[in-house]
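K.L.:
From just these sequences and the hints, can you work out the full model?
Quick note, the sequences are listed as chains A and B, same order.
Numbers given in our numbering equal positions in the first sequence, counted from 1, plus 45.
Numbers given in our numbering equal positions in the second sequence, counted from 1, plus 913.
No lab work stands behind these hints: they were computed from the structure.
Accuracy of the hints is not assured; some may be wrong.
To be verified - Each computed SDA-like pair below joins lysine to any residue, with the alpha-carbon atoms no more than 20 Å apart:
(1) A:446 / B:1032
(2) B:1030 / A:448
(3) A:723 / B:987
(4) A:302 / A:340
(5) A:661 / A:634
(6) A:661 / A:210
(7) A:446 / B:967
(8) B:1331 / A:362
(9) A:331 / B:1310
(10) B:1331 / A:360
(11) B:1030 / A:447
(12) A:446 / B:1031
(13) B:1331 / A:385
(14) A:302 / A:673
(15) A:839 / A:856
(16) A:331 / A:376
Given the structure is predicted, the values throughout are model-derived calculations rather than measurements.
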Amino acid sequence: MKTVLIRPVSRRVYRWCRWHAVVCVAVLLTAMVSSEAARVHQWDFSPAQWQSETELTAVQGGLLAVAEQAVRIEDDSLVLDGANSLTVPGVVPDHMPRQAFSVEALVQIDTPTRWGGILGFLQDNGSYEKGWLLGYQNDRYTLQVSTGTSLVTLTSTTSLARDRWVHLVGTYDGTSMHLYVDGRAEASGEACRGDIAYPPHAFYTLGAYRDDNEFYRANGRLRLVSLYDHALRPAEVTARHRQSKALRPLPLSFSVKPSLRYTAPDAAVVEWESSHTGQGVLVLGKTDRPDSSVPASSPEGRIHRVVLSDLEPGTVYFYRLGVRAEGLLHKSPLYSFDTTLNYLRHPLPVAERGMANGVALVLGLDDSSVMEGLVRKTPWMIIGLDPEVRRVTAVREHYYKAGLYGTRVQAHVLNSSVRVPVAGNSMNRIVWNAAAPDAVPPVPAVDVCRLLAPGGEAVLTTGGSGAKTVLDTWATARPVSGCTIQWEEQGGRVRLRLVKDALPGSGSWTHQYGDLGNTANSGERLAGATAAEDFLVQWVGRPGADFGIDRNPRMPAPLAAAGRLFHQGMNRIIALDAANGTVLWHLEAPDLRRVNIPRDAANWCTDDEHLFVVVKDRAWVLDHATGERMRTLPLPGVFATSHEWGYVAQDGELLIGSAVARDAPYTAYWSGAMWYDKTDENATAKVCSDALFAYGKQDGRGRWMYRRGKIINTTICGAGGRLHFVECRHPDVVALTEGRIQSPQLWEQQVRVTLDLATGEILHEQPIDTEDGRVVFFGACTPETMLLVASHTKQYHLYAYDTATGDLRWQQSHAWPGSDHSGHMQHPVLLDDVVYLQPWGYRLADGERLPDRMGAREGCHTYVGGGDALIYRGTARRLAVWNRTTGAISSWMNLRPSCWISVIPAEGMLLVPEGGGGCSCGNWMETSLVFTPRVIDGTAEGSP
Amino acid sequence: MTPSPYRGLALTLLGCALVTSARAADWPTFRHDNRRSAVTNGALPLPLTRQWTWTSPVPPQPAWTGPAKWDAYSGNRGLQSMRNFDPVFHVTAAGGQVFFGSSTDHAVHALDAATGKEQWVFFTGAPVRLPPTWVEGRLLAGSDDGHVYALDAASGREQWRYAPVPVDRRLFNNGNLISPVPCRSGVLVDSGTAYFACSLFPWQPSWLCAVDVETGNVEGSCHYRVELQNVTLQGALLASSSTIYAPQGRSAALSYNRGTGQTLGPVGEAGGVHCLLTEDEQFIGGPRHQRASSDVVQVTRAGTRGALLSFSDTNRLLVRADRAWLHRQGRLQCLNWHRHGELADRLQTLKKQKPAVPDAIRQTEQDLKQCVLWSVPQPVPLEYAWADGHLVVGFDGAVRILDAEAGTLLWEAEVRGKVFGLAVADQRLLVSTDRGEVIGFAR
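P.N.:
Printed below as a string of structure tokens:
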């Protein structure tokens, strides 16, 4: 389909035309002709315009553009895959506009890169900079023009986002440049004057940044690209933007973004809610051109569920979602999943779907019905132990024939009557049925209790005369600490239950930095462990490096509560049993990703029952045990169409959220520029919220909303019933529509605000004027103290406020330890009565500096606290432990964390889900594991 | 003429590198012999037809997940695994039997080579990641439970088991209870001694062991149990007459004095678990690092452990006598190996010369191109074997046999999944796939 763009007509002219029809036709025709005459070249990428798989004729200008390789066209758009582009041969500067020009594109750029081009004719070689380019740098669109010796660059405020179409126009009229995104002027400049300066030779290239020594191809799509020999006026840009909407593929609008869960080794379920009512469909394939349609199981509606079956192992699948409404098919972007990451080895038992996965230990194999029942009714791994070799052999052979041995059932000979040779605190369930009234379990009660994971339960059943006495004698032979004992009697059967208590001194890591206060400390004491050798490996296994995003570039930290460990990877979440590494569930959510957390808030938090996950404009409430989505919470209505859910936290019965402008959170991760380690504005712009609000967790009803300035997400923290943050009330900043703010005015007219967490009422607020936190600006608090940390110009600045009055209690500054690899962006650790910020610790009460330096960090991690230790990435970039009391440092060879926080002390252990994989360098183990303090494991000294 | 550093030693070492008492028709250990050459002189008459298929109810469960999907910082995609030593149930075969260990059911299996019927199953306490080594009617297999087991090949009866340290605290690993020092090296047997390593966490002690094949006894001459620090030994061991080579996965392989177990040092800079020793004791290992392109397979002079040359854009090599086969730039190639080595060495020297010698460099580069004896378009191979003048190649979804000297396709068959395992024994081709199938092909 050829596209005709007409010169825009103002509303007033239009009204006039209604009364002067004859004259109007003449005006429109004149406008159209005028516009056509002014356009130098236009490229329409719809199939009809292609002469061959590689040759495209311009609909205006007659030029032939040649692709590097066969192109792929979808929905009338050219798919750019990072390996292809088009260049028009034979173009010389004389063919180009000289005094003024406009370049227009309807484009979707999926992957930010340091340098990227959409249409250009330039050379940028050292100090030799000539020509022009409509393109992008990192995640911002750019217009570059040279009228002398250098290219002047305009940069958009809108960031490019995967699967998002934008209408871009760049203009130059001889004195000023303008860059428009979706009809809105986002940047202007007058640094260029006079004729455009062209190089004698350049490449007229579509879909790439190309000059003599650089060639960066784009990832995304092109629908329409035009070059004009005059500067389009704002009204013309607006009109073209409006017209361009008709050319964009019909997008599938979601109420709830899609998610995928595996339900069997070869099956998965995809669910989403569309904004339109219609018949849902999923198109699936093994290439990025999926072609096999699977209808949604539900009839026409907005809630869609597609069951995928016969999936092959170790295979990457691509899919698009669609909803057919009123005869039109609305299609989603292309998504993918990799069945390598489906960890299910057997279908879940149908009757017990919804039950948490885990490990059950069966003591004694003389009664085969115990194991059979568990196999039939639970999804658990079932491990049998028996002193008799023949019984173990029988179980092995039986379940081997059933195809279940090893991956559902295991059996081992128990050679000890004292201790099961297995890591302590690891079993979710232990079952023993007495074979005779005088029988007792094969190991002592102390060991049964030792084996149980926190919250785990041993069910020991006996019966007959005197059986209870026998079992009671067994249970009380030695004091059993750490378990609660309960007796039940029913129908002649006696049941003894041992329920494992939480590990002493354990804490839950419920928020990005441990708790609502951002203390980087969950209260976990690690049983006094302060050195690597104080720990034993509890388990090792999944997920591995294929789960994440290359060192998880400053992604949200793992969370842990109620014995479960939650971890994010590349648009996916995995839930693990912290005690034994069992995969509880796994959810793929294509719109989940959030990075550069030092300049934003994390997208999740948890309590003991639910995981709260923010996906674009909603918070998903997921069941801890199964991952089932219990409900979703939308943004407050006033923000429904313009914003996303930003900050998320929970406290008591409240779920707290914030509204950030759409696309404000960082999501780009490709290239060194997306490491967010530099101090430029692209890395350090702060994500700010326009409002804070609270919902009731149980009823999902709104409780309160606070809305005034631009709230800096990284400063939001709470403790003791108060919520603290810093907001900017500078009118120019408040008026900004974007949520990722790099304006210098962000550091003016700042106010530190304290709200009553329960009601949202302002308790107190004070204007503050700290050093600018241009690199990072963190808030953290205890019930008594709110701390602000600002970093820039090679210094950290700490400010401690009294949370009751808001008064500044003390402030300190010190040099940051380095300007890269997170040396300049460390998050403070508030542990006991000290705040640690590399390299120093200060007493929270009065700011007095402690005499000893912290263990020296290397690499891009940040410190976390646990008991008497700080855990971090130390010398040789290994995972390291610093003893706060003695200053001793120890480390684990070949273990590295992610580039922010992937190691958390919680649930009585040190949890290390894999986050460091991706570096081409190093000997790193690239695996998940958990360390348990040696003193609480209970097995032999000296065991590895 | 100066003797080539790539010759010599070869024939004297060849004999000691073979597993004791195996017949030419056997495939008694992982990749046939202790050099892991995957080369056999046994016959393989063509054409072949599928005789039987043994299928596991659950696909192999490798010890490690795949590598990261990309190095986004550096812009590298398609990273390679450096630890995929157990993607399939690799097999060994001797005396009309086929043997393999299972990472899913923790057992050593014996099949009738003619019918594929299961003869016996021996359960260990944890996954068995490499196939048992056959020696004089005895099988030796290592398990993640920390033990090495000796079994009677005919009956599967246990003869002895050995663990270097008591396993008094097992820990969970993807649902399995494993020893903190699992045996993931396989068992290498030579001259009555079984060599193996028990190792996992580099911050904890590992063990290199040499025990008596008959008894599992660690006492006696040339037997030892050596405690090692800061290592993570995994993947099949290799051996020359004097040296044991132990891959480490993501770290450089290590070498040990075969007689004492004492550490000799790393072998070049190559990581990876796809390792082989050539007849003239060059150590070939890779992928050197996980980048998809750049130098990925490195050749090292084993004696001095100095790097000789590296091959970019390839994932593995097969070397037999003066021929090597590899895949580069979409083509399967046969190289004149010795000539190629000499020229590559010469080129290195020339490039360091001052003043520069561009003409000599250009000529040598031209000569290097002449070392390619044939080259045919093929997808990326996952495994090679050489038998009876045939180059057997495993692919994703297929196995093919080419004339090793001419490159012409002689035979092919489709299979389900990726063919990471090949063996040739008793005129049969045994194929292992990542779907958990072991397939017997014969004429």
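K.L.:
Indicate, hint by hint, whether the structure satisfies it.
P.N.:
Checked hints:
no.	hint	result
1	A:446 / B:1032	holds (14 Å)
2	B:1030 / A:448	holds (16 Å)
3	A:723 / B:987	holds (16 Å)
4	A:302 / A:340	holds (18 Å)
5	A:661 / A:634	holds (11 Å)
6	A:661 / A:210	holds (17 Å)
7	A:446 / B:967	holds (14 Å)
8	B:1331 / A:362	holds (17 Å)
9	A:331 / B:1310	holds (15 Å)
10	B:1331 / A:360	holds (11 Å)
11	B:1030 / A:447	holds (17 Å)
12	A:446 / B:1031	holds (12 Å)
13	B:1331 / A:385	holds (13 Å)
14	A:302 / A:673	holds (15 Å)
15	A:839 / A:856	holds (17 Å)
16	A:331 / A:376	holds (18 Å)
In terms of the numbered hints stated before, the structure departs from none.
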